[in-house]
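Q: Just so you know, the sequences run in chain order A and B.
Start counting the first sequence at 1; every next residue gets the next number (this note's numbering).
Start counting the second sequence at 113; every next residue gets the next number (this note's numbering).
Hints were generated in silico from the structure; no laboratory data involved.
Honestly, I wouldn't trust all of these hints.
To be verified - Only pairs whose alpha carbons sit at most 30 Å apart, straight line, appear in this in silico DSSO-like list of lysine-lysine: (1) B/Lys129 x B/Lys149; (2) B/Lys129 x B/Lys183; (3) B/Lys222 x A/Lys57; (4) A/Lys57 x B/Lys210; (5) B/Lys113 x A/Lys42; (6) B/Lys113 x A/Lys57; (7) B/Lys210 x B/Lys183; (8) A/Lys57 x A/Lys78; (9) B/Lys210 x B/Lys113; (10) A/Lys57 x A/Lys83; (11) B/Lys129 x B/Lys169; (12) B/Lys149 x B/Lys113; (13) B/Lys222 x B/Lys169; (14) B/Lys222 x A/Lys42; (15) A/Lys78 x B/Lys113; (16) A/Lys78 x B/Lys210; (17) A/Lys42 x A/Lys83; (18) B/Lys222 x A/Lys83; (19) B/Lys210 x A/Lys83; (20) B/Lys210 x A/Lys42; (21) A/Lys57 x A/Lys42; (22) B/Lys183 x B/Lys169; (23) A/Lys42 x A/Lys78; (24) B/Lys169 x B/Lys113; (25) A/Lys83 x B/Lys129; (26) B/Lys222 x B/Lys149; (27) B/Lys169 x A/Lys42; (28) A/Lys57 x B/Lys149; (29) A/Lys42 x B/Lys129; (30) B/Lys149 x A/Lys78; (31) B/Lys183 x B/Lys149; (32) B/Lys129 x B/Lys222; (33) B/Lys129 x B/Lys210; (34) B/Lys129 x A/Lys57.
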Amino acid sequence: EPEVTQTPSHQVTQMGQEVILRCVPISNHLYFYWYRQILGQKVEFLVSFYNNEISEKSEIFDDQFSVERPDGSNFTLKIRSTKLEDSAMYFCASRLIGGEAFFGQGTRLTVV
Amino acid sequence: KNQVEQSPQSLIILEGKNCTLQCNYTVSPFSNLRWYKQDTGRGPVSLTIMTFSENTKSNGRYTATLDADTKQSSLHITASQLSDSASYICVVSVWGNKLVFGAGTILRVKS
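The shape of chain B in the complex, shown without the other chains:
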């Protein structure tokens, strides 16, 4: 069964600190993995996309890693800001057109 598991469920950090969110997946056949940021009451917005051959990709203060052997991905946020408070969702694309969503990690950055 195609599944995406994320941890932690929620996280509170101080402004300026770094954090790392985890995503484990059992999806086959794997096409790619994306991290989305979802602000409360809004649609998810893509942060990064990782394909099978990519290990690391950065987008500003966001750095995603992918280990296709262990089927794990992480999203590292550097120097967090209050505006980073959101839900971060790992979405794995099955070859074809299906997207499998994780439950998300709710991040709260406080001053």
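Next comes chain A alone, as it looks inside the complex:
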């Protein structure tokens, strides 16, 4: 069964460092998303990506965040200068137009 895969499963980084979270969406999907979930809180929308550009972003997705689909299969989230409050689970999702969103297993980011 096709699935969304995310790497790494756990990333520990020092405050101020840059991190790149990687996702391989399901191959024929067209919409790609990043969400985050701070421990004990709800899942929060960060950004959606369609047709090689950002289609929507939340107020959380400020200038320290960027997304890229560098090679047609990977979908990455870069956090330029991490802060303690960036510690969270980051989920990637993909879907067809109007279809179900399939989520990856998440990357747990810990900023120390």
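Starting from the known structure of chain A, fit chain B onto it as the hints suggest.
A: Below, chain B without anything else, positioned relative to chain A:
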């Protein structure tokens, strides 16, 4: 503002008992509503999807209902099992590509 509210926040039930989780939404234009199950530290997994014209849909021991007039949905779990312990998230899709998440209901099933 597009919002999804879920209740209760958390619930503890005995194994074998039934329970019902609620979801109220103010989302426009509405496309569909999904219930997801999220195990601790894992990504959400879809249980059911409801479109505007559907009132009830079942998936094994899970039955979802949708009242598009009152903008309410419920998820009923029958004969609960220990493995049902998880967070259950109501996600409403806005026409287009946006998904609006509820905060989830944390269900704990104990023996």
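Q: Look at each hint and say if it fits the structure.
A: Here's how the hints hold up against the structure:
Taking the CA atoms of B/Lys129 and B/Lys149, the gap is about 18 Å. The hint holds against a cut of 30 Å. Taking the CA atoms of B/Lys129 and B/Lys183, the gap is near 27 Å; set against the 30 Å cutoff, the hint holds. A distance of roughly 40 Å separates the Cα atoms of B/Lys222 and A/Lys57; the hinted pair therefore is violated under the 30 Å criterion. A C-alpha spacing of about 10 Å is found between A/Lys57 and B/Lys210, which places the hinted pair at or below 30 Å, so the restraint holds.
For the given pair, B/Lys113 sits about 17 Å from A/Lys42 by alpha-carbon distance, which is consistent with the 30 Å threshold. For a cut-off of 30 Å, the pair hint linking B/Lys113 to A/Lys57 stands: about 15 Å separates their Cα positions. About 18 Å separates the Cα atoms of B/Lys210 and B/Lys183, which keeps this hinted pair within 30 Å; it holds. In summary, the hint linking A/Lys57 to A/Lys78 is supported, as the alpha carbons are separated by about 14 Å, within the 30 Å threshold.
Using a Cα cut-off of 30 Å, the hinted pair B/Lys210 and B/Lys113 holds, with the two alpha carbons roughly 13 Å apart. About 19 Å separates the Cα atoms of A/Lys57 and A/Lys83, which keeps this hinted pair within 30 Å; it holds. Taking the CA atoms of B/Lys129 and B/Lys169, the gap is near 20 Å; set against the 30 Å cutoff, the hint holds. Distance hint between B/Lys149 and B/Lys113 is fulfilled; the C-alpha atoms sit about 25 Å from each other, no more than 30 Å.
With a C-alpha separation of about 26 Å, the suggested pairing of B/Lys222 with B/Lys169 holds against the 30 Å cut-off. Of the supplied pair hints, the one linking B/Lys222 and A/Lys42 holds, its CA atoms being roughly 24 Å apart against a limit of 30 Å. Of the pairs offered as hints, the one joining A/Lys78 and B/Lys113 holds, with about 29 Å between alpha carbons and a cut-off of 30 Å not exceeded. With a C-alpha separation of about 21 Å, the suggested pairing of A/Lys78 with B/Lys210 holds against the 30 Å cut-off.
Only pairs whose Cα atoms come within 30 Å are accepted, and A/Lys42 paired with A/Lys83 is accepted, the gap being roughly 19 Å. Between B/Lys222 and A/Lys83 the alpha-carbon distance is near 38 Å, which puts this suggested pair outside the 30 Å criterion. With a C-alpha separation of about 27 Å, the suggested pair B/Lys210 and A/Lys83 falls inside the 30 Å cut-off, and the hint holds. A C-alpha spacing of about 16 Å is found between B/Lys210 and A/Lys42, which places the hinted pair at or below 30 Å, so the restraint holds.
The hinted pair formed by A/Lys57 and A/Lys42 meets the criterion: a straight-line CA distance of about 17 Å does not exceed 30 Å. Taking the CA atoms of B/Lys183 and B/Lys169, the gap is near 16 Å; set against the 30 Å cutoff, the hint holds. Note on A/Lys42 and A/Lys78: the hinted pairing holds, with a Cα-Cα distance of about 21 Å set against a maximum of 30 Å. A hinted pair counts as satisfied when its Cα atoms are at most 30 Å apart, and B/Lys169 with B/Lys113 qualifies at roughly 28 Å.
With a C-alpha separation of about 44 Å, the suggested pairing of A/Lys83 with B/Lys129 is violated against the 30 Å cut-off. The suggested pairing of B/Lys222 with B/Lys149 holds, with an alpha-carbon distance near 18 Å, which does not exceed 30 Å. Restraint check: the Cα-Cα separation between B/Lys169 and A/Lys42 comes to about 25 Å, which is no more than 30 Å; the hinted pair holds. With a C-alpha separation of about 25 Å, the suggested pairing of A/Lys57 with B/Lys149 holds against the 30 Å cut-off.
Between A/Lys42 and B/Lys129 the CA atoms are separated by roughly 26 Å; this keeps the pair inside 30 Å, and the hint holds. For the proposed pair B/Lys149 and A/Lys78, the alpha carbon gap of about 27 Å is at most 30 Å, so the pair holds. Restraint check for B/Lys183 and B/Lys149: the C-alpha separation of about 21 Å stays at or below 30 Å, so the hint holds. A C-alpha spacing of about 10 Å is found between B/Lys129 and B/Lys222, which places the hinted pair at or below 30 Å, so the restraint holds.
A C-alpha spacing of about 35 Å is found between B/Lys129 and B/Lys210, which places the hinted pair above 30 Å, so the restraint is violated. About 41 Å separates the Cα atoms of B/Lys129 and A/Lys57, which puts this hinted pair outside 30 Å; it is violated.
Consistency with the previously given hints fails for numbers 3, 18, 25, 33, 34, ordered from lowest to highest.
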